[in-house]
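Engineer: Order-wise, the sequence lines are chains A, B, C and D.
If you count the first sequence from 1, position 166 lands on 166 in full-length UniProt numbering, and the numbers rise without skipping.
If you count the second sequence from 1, position 350 lands on 350 in full-length UniProt numbering, and the numbers rise without skipping.
If you count the third sequence from 1, position 47 lands on 47 in full-length UniProt numbering, and the numbers rise without skipping.
If you count the fourth sequence from 1, position 300 lands on 300 in full-length UniProt numbering, and the numbers rise without skipping.
Everything labelled a hint here was simulated from the structure, so no lab data went into it.
Among the hints, erroneous ones may be present.
Calculated lysine-lysine pairs in the DSSO-like style (CA-CA distance at most 27 Å, straight line) [claimed, not checked]:
{"#": "1", "chain 1": "B", "residue 1": "Lys156", "chain 2": "B", "residue 2": "Lys3"}
{"#": "2", "chain 1": "D", "residue 1": "Lys3", "chain 2": "A", "residue 2": "Lys3"}
{"#": "3", "chain 1": "A", "residue 1": "Lys3", "chain 2": "A", "residue 2": "Lys156"}
{"#": "4", "chain 1": "C", "residue 1": "Lys3", "chain 2": "B", "residue 2": "Lys3"}
{"#": "5", "chain 1": "D", "residue 1": "Lys3", "chain 2": "D", "residue 2": "Lys156"}
{"#": "6", "chain 1": "C", "residue 1": "Lys3", "chain 2": "C", "residue 2": "Lys124"}
Taking CB as the label site, the calculated pair distances span [said to hold, decoys possible]:
{"#": "7", "chain 1": "B", "residue 1": "Gly300", "chain 2": "A", "residue 2": "Ala306", "range": "45 to 55 Å"}
{"#": "8", "chain 1": "B", "residue 1": "Glu13", "chain 2": "C", "residue 2": "Gly336", "range": "15 to 25 Å"}
{"#": "9", "chain 1": "A", "residue 1": "Asp174", "chain 2": "B", "residue 2": "Glu13", "range": "57 to 67 Å"}
{"#": "10", "chain 1": "C", "residue 1": "Pro42", "chain 2": "D", "residue 2": "Gly300", "range": "50 to 60 Å"}
{"#": "11", "chain 1": "A", "residue 1": "Asp74", "chain 2": "D", "residue 2": "Thr2", "range": "21 to 31 Å"}
{"#": "12", "chain 1": "A", "residue 1": "Arg44", "chain 2": "D", "residue 2": "Gly336", "range": "20 to 30 Å"}
{"#": "13", "chain 1": "B", "residue 1": "Pro286", "chain 2": "C", "residue 2": "Gly173", "range": "53 to 63 Å"}
{"#": "14", "chain 1": "B", "residue 1": "Glu65", "chain 2": "C", "residue 2": "Gly289", "range": "50 to 60 Å"}
{"#": "15", "chain 1": "A", "residue 1": "Arg44", "chain 2": "D", "residue 2": "Gly300", "range": "42 to 52 Å"}
Even for Gly, the Cβ is constructed at its ideal location relative to N, Cα and C.
Protein chains: 4
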Amino acid sequence: MTKLNWGMIGGGEGSQIGPAHRLGAQADGNFTLAAGALDFDPERGRAYAQRLGVAPDRAYGDWREMLAGEAARDDRVDLVTVATPNATHFEIARAFLQAGFHVLCEKPMTMTVEEGEEIVRVAKAAGRICAVNYCYSAYPMVRQMRAMVAAGEIGKVRLVVTSFSHGHHGDAGDADNPRVRWRYDPKMAGVSGQFADCGIHALHMASFVCGDEVRELSADFASTIPSRVLEDDAMVNFRMQGGTVGRLWTSSVAIGRQHGFDIQVFGETGGLRWASEQPNQVFYTPVGGRTQIMEKGEAGLSDEAARLSRVAIAHPEGFPLAVANIYVDLAAAIRGEQHGALPRAEDGLRSMAAVHAAVASARDRGAWVDARPPMFR
Amino acid sequence: MTKLNWGMIGGGEGSQIGPAHRLGAQADGNFTLAAGALDFDPERGRAYAQRLGVAPDRAYGDWREMLAGEAARDDRVDLVTVATPNATHFEIARAFLQAGFHVLCEKPMTMTVEEGEEIVRVAKAAGRICAVNYCYSAYPMVRQMRAMVAAGEIGKVRLVVTSFSHGHHGDAGDADNPRVRWRYDPKMAGVSGQFADCGIHALHMASFVCGDEVRELSADFASTIPSRVLEDDAMVNFRMQGGTVGRLWTSSVAIGRQHGFDIQVFGETGGLRWASEQPNQVFYTPVGGRTQIMEKGEAGLSDEAARLSRVAIAHPEGFPLAVANIYVDLAAAIRGEQHGALPRAEDGLRSMAAVHAAVASARDRGAWVDARPPMFR
Amino acid sequence: MTKLNWGMIGGGEGSQIGPAHRLGAQADGNFTLAAGALDFDPERGRAYAQRLGVAPDRAYGDWREMLAGEAARDDRVDLVTVATPNATHFEIARAFLQAGFHVLCEKPMTMTVEEGEEIVRVAKAAGRICAVNYCYSAYPMVRQMRAMVAAGEIGKVRLVVTSFSHGHHGDAGDADNPRVRWRYDPKMAGVSGQFADCGIHALHMASFVCGDEVRELSADFASTIPSRVLEDDAMVNFRMQGGTVGRLWTSSVAIGRQHGFDIQVFGETGGLRWASEQPNQVFYTPVGGRTQIMEKGEAGLSDEAARLSRVAIAHPEGFPLAVANIYVDLAAAIRGEQHGALPRAEDGLRSMAAVHAAVASARDRGAWVDARPPMFR
Amino acid sequence: MTKLNWGMIGGGEGSQIGPAHRLGAQADGNFTLAAGALDFDPERGRAYAQRLGVAPDRAYGDWREMLAGEAARDDRVDLVTVATPNATHFEIARAFLQAGFHVLCEKPMTMTVEEGEEIVRVAKAAGRICAVNYCYSAYPMVRQMRAMVAAGEIGKVRLVVTSFSHGHHGDAGDADNPRVRWRYDPKMAGVSGQFADCGIHALHMASFVCGDEVRELSADFASTIPSRVLEDDAMVNFRMQGGTVGRLWTSSVAIGRQHGFDIQVFGETGGLRWASEQPNQVFYTPVGGRTQIMEKGEAGLSDEAARLSRVAIAHPEGFPLAVANIYVDLAAAIRGEQHGALPRAEDGLRSMAAVHAAVASARDRGAWVDARPPMFR
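Model the full structure from these sequences, guided by the hints.
Structural biologist: Laid out in structure tokens, this is it:
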């Protein structure tokens, strides 16, 4: 099994997401970092790439240079990860897809619904994978929940309740900190703050676990720190195609919550609960029965959960290995092998449609709005 | 300190709430059960009262008989607890208040806003206490949260998030069980199911801890079991008088949640978290700091928390003693002594206004509705 | 059902244990506080008893006065609770038993094994109950564990692991505080500090849940604060009659543990886990299966667990109601009704034998010592 | 920064520990798998190594072949990981050290104390690193505890309490399973079962966090499943050089515990608590204060904790990354850079001395035994 060549755009020195991708891509030996345009400062990017072991001629100054350089090579990279500022994802992902590269795009995939639809069309036309890094979906026990729902183990899903609420932007004195401020400034963040940043992870999770899509929604947004234009707290009620009722709360001012991403799924014959801070367990309750603690690595889990577990039961596996599982599935997909439910451009598009629907609803005092991308209606 | 005489209406043999009231009233030696009309079957009620030690002439067949009998005595009961079916609370509470008795009424205090306003007026005119059994507010650590918020320890409250969601009505096969069915039948339960049953506890808790009142709300109701007319799941967004944003989720189909009543309060300088299944702890996080586990009984708590704790730190105290604390405060109020923040008729009225506002909002697809009783606008 | 008359010795104003007993005895309406010798200061004791509603002629100045007074009455108290300083338990309990009263004695029942044996003999000869307040054994979910073990649901018990470790004596600066110091001073506390204070609760719990008795033990004692003569930390390994291996750790310098009393029981076909800070749950794992969370109040629990639960599932019940359950069982026993497994003088004696065995073992560097009282060998 | 060449002995297809090492070595891009003798079946080992990307001439049939081959190369591997059956560790590690290779040895490093002393001498003479895979010590929050203790943040350590108890060998019906049976058979496992397998992790952890070494111990061993010759449950009391009291419980029949490895450290001015199933938090309690939840990634942690964290606060990091941190430190040590507290041959030796001391003590009914290796007395 030869290694695949991998290229990265963004994720340079000092970035948070870069190391997670490099660990994720390399952990299982599937990918070699063969090319990169890692920094908006060309020289810094070239130097850092070489320090990471990239050959000098593949340590590029920017993504256009990388596109031209790689497209011209026989040993071109098999996969490009796009981890640049949000507003640039669309242009870069589109260009690489059109040139025949597989792409893993950080979220949000695009800033508008129209861009999202274009990515879907381009990926389809090019016959290339455009994956989106909804990495929480690659935790073994999240796959386990999805498998249990799909197998009918909790019956028809009546209700899904999810939240992604933290308190790291709760200090008003810190609101002018540039690392925080941009997220609430429409010039930089677009139409939505916290919902576009964290809420869409929770919304994707709800769809992913339920195996269903959001049809319509009603949103209540709040900017609890007055200087913020965009919302730092949002509640979104929704209905899925199959009738499931949804409740999603997201906040960045929930002081004391560190990484409060969790999901509860309630069906006709059982309930499931999972939390990202304790990702190796699922709490499962059959109707009328006791709550059972399911453990990653226990006997009898679904194929997907077993395939994506790396060490024995009760040896915790964490966030970086969830990212790595996305790369495991990508490697399999690129090689034409069987793989799990990779989040794709269609999911990135649905998120963007939901963001714009939520903004419209919140502006209209909670009016119910169609959350589907036009191309999927 | 002589004991007070106490009478009970409802709460007969086999009822769930009766034993909790008797334990609550007697635990601290404040009250003696001196009279009762405990059952809708007069003979059963009289017999049971006598088995509980009530003198034969004060073991009444119904509440009217008890009202007449007690009103005529010199040693009439000091307090009457009303624990009858919901639709009868109004008539009984009003009659006893008008006759000069103090009353503790089970929730919901009334079925309509108009009735609620009348109870407020009658209690005021009679100069008598009409308390409502929002007993969760009497847990020591709930009083502690209230004291911390009042003292500004978390700054201005930006956001309160509460839920009261269980799964005990999640079995569709059990939906015809009379003990469950009536709650979702408007003929018996009125305009609201789960929100009126459990949601109002959470709404009262939000007001109680924040020291503020709900001004307007937007609701999304769902009947996830199709045979139900009234909602078994509800999400209510609200705003308080002082601008605090509120989120309240209540459900009876959340299979796996046993008694999922909890509250999170987020202010400018800190956050608080409490859950009714672990009622002796509060999780407190100062902004930028670590989460601290506060324990009932620890040194330095507020006067109210200390006053209502009975045993040393980390010896858990549970639900029956929260009910008992309501009686502790009632005894003090009746004796003219200092006491804590007893939930009163005004709170019962506000709950009823919120229930009707939520129903109106849900019917109007989430329109924002004034949640205040007309008399408080 | 007439109320029983109850008398109390010790537990005066300001004591910790007094209120717990009064609440426990009165909560269910079984007992009326009819007599008391509550304080070592006769006048204070008489005054306080009257404030608690005791008639002046039964508000005694000391226990001898009370013994004489009550023995002479037709309506003498049915039960005497002994909550005086440890060294006085023996003399008082013996005297009341000999005079024909039922007794509930605080732990430790006596200071020596010989005294313990005498109490057993006296109680037997008098035909009276001498119960010991191992109140943790009266939690519903502790009774549930005992019932499960007895029914063979976890098979033969191989191993029991228990601890009762807190940190409330961990401040060396506080070591001279008289409320702390006496516990480590042999003049006041006898031969053992922490093991005699808390360890015997854990040892009783192990016997109670397993339905077996300790045969021999090996102890390691430490005085981690040098000024202490008696141990503030102890580890005791033991073997039960039936071969079960036991491990017991107790400490008062475990800073951060508030009330760390827990037990784990491991049998051939399953394991059980319970912790006193979360007393309403038991974690049960069948061999090869998932851990199940058992809840007080759930359907299908043992008769004993159901009988001693007062409110519905997931409404927590705490320490004072465990004490109250001891009084429930006492009332039933006094009335000749069926009741649960009340801890008796035999249990108090076994504790004292274990304390002295542990002290002997610790002095002999962990030698294994017979832990049984001579009269039971 | 060029990559280091890495070789592996053992850890072939289907092994549990192999993937953890490969992920650990490769995750951060420090090491390339350049050589291997992965299987006791030479052909399978060669084939598997090549599938993992090892060049055919460095895919060896056994460790002797690998030693000869690598010793002869200019680009010889920089590090050899020994993950073979326990009884072979000594011979292989010694041979590679003597030939000038750095070695990472799985635990237990040797089977006897004499072998352990020889490894220490050989490593010293060769000037090469012999690390031992006590990987739990490389969790960021374990390093944090060590740093806090070293900085005196909890004062002098009075007491350390640790356990490593699981229930995966609790099924007697499974006792003949060869994967389980060998651990309790002295022919294969040596003098100790569960203590040598898991207990030494806990013992190392105690030393690592306290920055102290075990001086003497007293052990109680039990074979709770009668067919087992070696212990499946053990309690070890110990004293450290500095006087700290230690308590260590290890079991493989604790049904319901999945991976119950935890440690509590109690000092003069505070307490710390950590559990391997929730490895990203430490619970810290200053004496007289509240318990604080410390989070991996929070501001203000020690340099070591910060250096070994990979993703932001509350994004969990798990067991495989603890192993990876061992490799991070190894890479730094090999390159002559600063690194953390790598467990070394001296630690492996101390473990072996403790195992033999515990066996001797258990055979002598808990007699206290010197636990130090002769060369360190």
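Engineer: If I claimed the Cβ atoms of Pro42 of chain C and Gly300 of chain D lie 50 to 60 Å apart, would that claim hold in this structure?
Structural biologist: Given about 58 Å between the Cβ atoms, the range holds.
Engineer: Given the hint that Lys3 of chain C pairs with Lys3 of chain B, does the C-alpha gap stay at or below 27 Å?
Structural biologist: Roughly 17 Å separates the two Cα atoms, so the pair holds.
Engineer: Using the C-beta atoms of Glu13 of chain B and Gly336 of chain C, is the stated range 15 to 25 Å upheld?
Structural biologist: Taking Cβ atoms as reference, Glu13 of chain B and Gly336 of chain C lie about 23 Å apart, which means the hint holds.
Engineer: Does the alpha-carbon distance linking Lys3 of chain C and Lys124 of chain C stay inside the 27 Å limit?
Structural biologist: Measuring from Cα to Cα gives roughly 25 Å; hence the hint holds.
Engineer: Can you tell me whether the CB distance of Glu65 of chain B to Gly289 of chain C sits inside 50 to 60 Å?
Structural biologist: Holds, since Glu65 of chain B and Gly289 of chain C (Cβ atoms, about 57 Å apart) stay within the stated range.
Engineer: Does the Cβ-Cβ separation between Asp174 of chain A and Glu13 of chain B fall within 57 to 67 Å?
Structural biologist: holds (60 Å)
Engineer: Are the Cα positions of Lys3 of chain A and Lys156 of chain A separated by 27 Å at most?
Structural biologist: violated (42 Å)
Engineer: Hint check: Lys3 of chain D vs Lys156 of chain D, CA-CA at most 27 Å. Holds or violated?
Structural biologist: Violated. Lys3 of chain D to Lys156 of chain D sits at ~42 Å, over the 27 Å cutoff.
Engineer: For a C-alpha distance cap of 27 Å, please report whether Lys3 of chain D and Lys3 of chain A respect it.
Structural biologist: holds (17 Å)
Engineer: Using the C-beta atoms of Gly300 of chain B and Ala306 of chain A, is the stated range 45 to 55 Å upheld?
Structural biologist: holds (50 Å)
Engineer: For Pro286 of chain B and Gly173 of chain C, compare the CB-CB distance with the range 53 to 63 Å and indicate the outcome.
Structural biologist: violated (26 Å)
Engineer: Determine whether the Cβ-Cβ distance between Arg44 of chain A and Gly300 of chain D falls within the hinted range of 42 to 52 Å.
Structural biologist: The hinted range 42 to 52 Å is violated for Arg44 of chain A and Gly300 of chain D, with Cβ atoms some 29 Å apart.
Against the hints set out earlier in the document, violations occur for numbers 1, 3, 5, 13 and 15.
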